[in-house]
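Construct all of the structure, not just a fragment, from the sequences and the given hints.
Residue numbers (the UniProt record's numbering), protein chains in the order written: chain A, 1 to 474; chain B, 1 to 346.
In case anyone wonders, no lab produced these hints; they're calculated from the structure. Keep in mind the model is a prediction, meaning the values are calculated, not measured. Glycine residues also receive a C-beta, built at the ideal position from the N, C-alpha and C atoms. Hints may be right or wrong, so weigh each one.
[Unchecked claim] Straight-line Cα separation of at most 25 Å, SDA-like style, residue types lysine to any residue; simulated pairs:
| # | chain 1 | residue 1 | chain 2 | residue 2 |
| --- | --- | --- | --- | --- |
| 1 | A | K309 | B | F343 |
| 2 | A | K136 | A | S233 |
| 3 | A | K421 | B | D341 |
| 4 | A | K444 | A | E469 |
| 5 | A | K323 | B | K84 |
| 6 | A | K405 | A | D306 |
| 7 | A | K309 | B | R77 |
| 8 | A | K84 | A | L122 |
| 9 | A | K323 | B | T81 |
| 10 | A | K323 | B | A72 |
| 11 | B | K84 | B | R277 |
| 12 | A | K309 | B | A274 |
| 13 | B | K80 | B | S93 |
| 14 | A | K421 | B | A71 |
| 15 | A | K338 | A | D306 |
| 16 | A | K309 | B | G280 |
| 17 | A | K323 | B | A274 |
| 18 | A | K421 | B | A338 |
| 19 | B | K291 | A | A9 |
| 20 | A | K323 | A | L122 |
[Unchecked claim] Among the chain A residues that face chain B by a calculated CB cut under 10 Å, a handful are:
| # | residue |
| --- | --- |
| 21 | D266 |
| 22 | I269 |
| 23 | K323 |
| 24 | D326 |
| 25 | D344 |
| 26 | E347 |
| 27 | R353 |
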Amino acid sequence: MAIFEYAPAPESRDVVDLQPSYGLFIDGEFVDGSGPAFKTINPATEETLAEVATATADDVDRAVRAARKAFGGWSGLPGAERAKYLFRIARIIQERSRELAVLESLDNGKPIREARDVDVPLVAAHFFYYAGWADKLAHAGFGTRPLGVAGQVIPWNFPLLMLAWKIAPALACGNTVVLKPAETTPLTALLFADICRQADLPAGVVNIVTGAGETGAAVVAHPDVNKVAFTGSTEVGRLIARTVAGTGKKLTLELGGKAANIVFDDAAIDQAVEGIVNGIFFNQGHVCCAGSRLLVQESVQEELLDALKRRLTTLRLGDPLDKNTDIGAINSAAQLAKIRELSDLGESEGARRWSPECELPSKGFWFPPTVFTQVAQSHRIATEEIFGPVLSVLTFRTPAEAVEKANNTPYGLSAGIWTEKGSRILWMADRLRAGVVWANTFNKFDPASPFGGYKESGYGREGGLHGLEAYLDV
Amino acid sequence: MAALRCPYGGGDPGRDRPKAPGLEVETLVGDAVVVSTVTSSLADVASSDAALRAFLHGLPGVDRVGADQRAAVLGTRSIKTTAKAAAIDLAISMVDLTTLEGADTAGKVRAMCAKAMRPGGDAPRVAAVCVYPDLVAVAVEALKGSGVRVASVATAFPSGRTSPEIKVSETGMAVAAGADEIDMVIDRGAFLSGRYMKVFEEIVAVKAACGDAHLKVILETGELATYDNVRRASWLAMLAGADFIKTSTGKVSPAATPSVTLIMLEAVRDFRAATGRQVGVKPAGGIRTTKDAIKNLVLVNETAGDDWLTPEWFRLGASSLLNDLLMQREKLATGRYAGPDHFTLD
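Laid out in structure tokens, this is it:
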């Protein structure tokens, strides 16, 4: 037995007032949906958290009409007035941060430490940041005319953060929104609806419609939507691009990734190891910009992998609400099946699989942190997005080879460079075809920094000044 | 559902276990933690100023942002109930109860020694008391047979600004007076001006003067300023024979920050993997609360591991910390805080 065992330190669920069922948020009111209700579960225990309404095409239409009705008044407000609402929302998010963090952890399966220290603070920061732009649009260089109604479809990996990335710039620019959260993680979006009411946001400015793919398709296809923003899989992104083509709707897509995290032999090894861990095991690897391909220089491969494996044995997997948990639950049975399938494939294609010894809970959806070595570029685990806690390790010999391998993917969302040599960082960053290049860090987000992909990782940028362009009639 | 911890060391056994005792390990080439620039044996590392410099500068760098971030995350560990109770007792047993004031007297030292042996209630005794050399005899007398060790600062503590001869003779006098442990300071001036061999030779000389006494080498990390320097100084001290590496004198701020302790823990971990010799770590200065102490234990637990979680290999240099530990200990046992006057001032 270890000398220093941490006792369970669960965050209290009592801060969250879970309703047995939730409706849609349309025109400032919670209303019933016309479709059959669906259950949202806690992926760590498989217990049902609540029943949630399904929005049909008719419901979506009601939501879009409410947004359209609200558009005139909202876009007509002086920017400084819109800013007041956004600032108010940001402050309420901070005030209710514990509630939001616990609910996010419950519905998503992510560790409370991450929901508390990363997700929710960034959500508030995004609203603060774009509140600041609302009265300064004339200085951003994209004009000041909003587009109209934005239809937004977001994924389950960062439910509230993706909502913030979508809603904050949309509202700052004077648009109104209809947002569809993912069917496995609708609860924080519905809590956000309550925050909008608390902030006295005019009715119809924000509408939340819940449901699965069909609801999302109805949002995207609605003829009175002027702008579509989607974060999710490349596959669905393609469908959306097809639907939207020729309609005049403005479109931004933030899709999959297969980021290379490149470690040179002169890297700060201990911090590189932390960066690798943070790159692929943060949020159970459910991160579109996850550093899922580790490219390590052959001359330090052995020592780096030893250090990485040693570090992985200290990861704490278990109850997401425990404040000391590092790795939470996989979000859904479907996702777990996909991770298992690709991992099994990795083994059968000849890569070597390694996980630290760790017991998985018997209930819920779990996958141990996994490292594949002896991975070749041709293996499917090196080319396909796994979206789970699975790292593929490849090697390189020269900087040029590192760039070549890093770019050799249909995706191009992010990349990481680990070296103590500044000139090499700049040389690499120039050549990497990825929207975000991190140097000596990974998965670092800031509302002031634009985020988005090359190639099949999507188009358009979210965040920063660049993020305004997507919501203005340029 | 309880947190399921992947047990430490469940991964690749043998990798970070001692390979051979002593410093005379044959070669470092190709070893896990050692940089590719090292081509000579570890014994040769200090064969010349140039070799020593090349070795220390060949160590992997430390990225400040990343190191601070890791220390901060470990600082969020929530240690409650039974874990907290165990941690408090472990922390008490690791305290080097210290008084290093110009106004120290035999009476003050005797009072502190009494507290060191019986801190209060059924709390364990502390690891050692730490005093100036001229008060070693007093402490030795007061602690006789208690198991509490006597540590003495030496080598012109805290600045270290005197001749090597005086440093060595001061060490010898403290040992002769019965000190079990010597806390020496390195010559930061020499270190910062790149004269690593001078620093190395002084440590070797003081180590020789220590005889059987354990040598703790104080790096005074607050004056070394960069984390790269902290790592280099750690290795330098270990190569020169330090039994312990210690962050600070307590006279300079910042003292034992979590990041610095983290880097030193990484250094002793890597040093053992490379040489098989285990070296202890002692953060000192600025550790005042139970929370600080527990954060230090978390750093040890998740960086160096179980092998360092004993008073033999990890110490907390502090004076006021002990009372806070005792206060929290009582709070855990009784459910309420007792007033400060329920804890003796010594």
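Query raised in the report: Can you list which hints this structure breaks, lowest number first?
Result: 1, 2, 3, 11, 15, 17, 18, 25, 26, 27
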